[in-house]
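Given these sequences and hints, build the entire structure.
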Amino acid sequence: MKTFFLRVVCLLLMSVIAAVAGEGETLPPPEPNLPWEHADTGLRLPAELAKMTAEQVFHYEKAALGWSVRYSDRKARLRGDVYVYPCEKKAQTSEEIKEALRETAGSAVWEVEEMQRRGHYMKVKMGDAEYQPFDLIPESAGASALLSLPMAYTIVESDDAGRNETAVASFLGIMMLKNHFVKVRLTYPANGPDKEQDKVVERVSDFVEEVRRCVLDPGLRVQTADQIKTYRSDPLSKKGHDLAGGILAYAEVTPLIALTIDDTISTLGEDLEKEYPQASVELVRAFIVGAVAESLKKPGAEPADLPQAGAAEVVRVFGAMQKTKPGLESPRLVELEAAVKAKKAAAWLQQQQAKREK
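Per the working numbering, the very first residue in the sequence shown carries number 1; after that it's consecutive.
Derived by calculation from the structure, the hints in this document are not laboratory data.
Yeah, the Cβ is synthetic: ideal placement off N, Cα and C, and Gly gets one too.
Possibly wrong hints are sitting among the right ones.
[As the list claims (entries may be wrong)] In the DMTMM-like style, the derived pairs of lysine to aspartate or glutamate whose C-alpha atoms are separated by at most 20 Å in a straight line are:
1. 51 / 31
2. 199 / 48
3. 323 / 271
4. 325 / 270
5. 178 / 40
6. 355 / 270
7. 178 / 209
8. 89 / 103
9. 298 / 226
10. 62 / 23
11. 343 / 294
12. 89 / 40
13. 178 / 88
14. 323 / 275
15. 297 / 226
[What the hints assert, rightly or not] Distance ranges between label pairs, derived from CB positions:
16. 225 / 342: 51 to 57 Å
17. 278 / 229: 20 to 26 Å
18. 99 / 342: 28 to 34 Å
19. 353 / 119: 35 to 41 Å
20. 63 / 222: 23 to 29 Å
21. 62 / 350: 45 to 51 Å
22. 222 / 109: 32 to 38 Å
In structure tokens:
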């Protein structure tokens, strides 16, 4: 049944693309710490959203149709697509955005109704639409909103083996970013144990929220880059500590960073504590700031090396600590500095963690 459902959804989405969207180019999915970026809006989508893995990027042949990134969790039979395409009309004010979202939602409903007319869908049921405005970051970036619409229908497939019907639930969410639509469409089985259905519905909500955070991210990146620049000017000051707190908060909420803080990082300053209280905290702050700074760079051909960048920041901040406390030394940080210079910080950190776990 699971295999059949995924096959049906795949065929269904291919039918929608062929009937409504036209042709295009399939590209590889984003990788951890190597997100896909939409050039016109700065929107970035990562390798994973709400524990769903990216499977492909699709560039539609028609410019008006834009791009899409597909995610799935095959075990849960949950599939999600994020579409990014231009809004034909100017939509900057709250009223313009509201009207534009309503119009594009109407087009999406038409697509579903068209599939029903063609006999691919049956028993289509539309839920109540909800409209939730929210502000972009910073305030000068303007406003956006989430228009959401739940629905349910039965997918009909006929082949040599006969006719098959699969009941599915679907969620449509549409947002606005820099006069572009960001549309989320999720599909999952409509039947199953109540507890399992509740979990899937919760995951749908999580997925939509993480896409919303991605919509907020372009402005947050600019804000965070400014915080990092100021932090680096005086990382050991109270202002530096406060800014590091804001940078950490960004790292915790953005879906775009895949970063692990293991015991090695948190203990790097242990042997310095007697001479420099809070040394461990200072170095953990530095590691996070360096990793976040690396993640903000424009995606290149290779994934961002967050451990390398974080370790380099640790070495810089340790140098600042030594200026305030002449004679401050740490053999482990000398080793880390050598690893940073050799661009092997990630391997060094892994080796240290392996030793700790023995």
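Taking the hints in turn, this is what the structure says about them:
no. : hint                  : verdict
1   : 51 / 31               : 14 Å, holds
2   : 199 / 48              : 18 Å, holds
3   : 323 / 271             : 17 Å, holds
4   : 325 / 270             : 16 Å, holds
5   : 178 / 40              : 8 Å, holds
6   : 355 / 270             : 16 Å, holds
7   : 178 / 209             : 19 Å, holds
8   : 89 / 103              : 11 Å, holds
9   : 298 / 226             : 16 Å, holds
10  : 62 / 23               : 8 Å, holds
11  : 343 / 294             : 14 Å, holds
12  : 89 / 40               : 16 Å, holds
13  : 178 / 88              : 12 Å, holds
14  : 323 / 275             : 13 Å, holds
15  : 297 / 226             : 13 Å, holds
16  : 225 / 342: 51 to 57 Å : 27 Å, violated
17  : 278 / 229: 20 to 26 Å : 23 Å, holds
18  : 99 / 342: 28 to 34 Å  : 57 Å, violated
19  : 353 / 119: 35 to 41 Å : 57 Å, violated
20  : 63 / 222: 23 to 29 Å  : 26 Å, holds
21  : 62 / 350: 45 to 51 Å  : 46 Å, holds
22  : 222 / 109: 32 to 38 Å : 36 Å, holds
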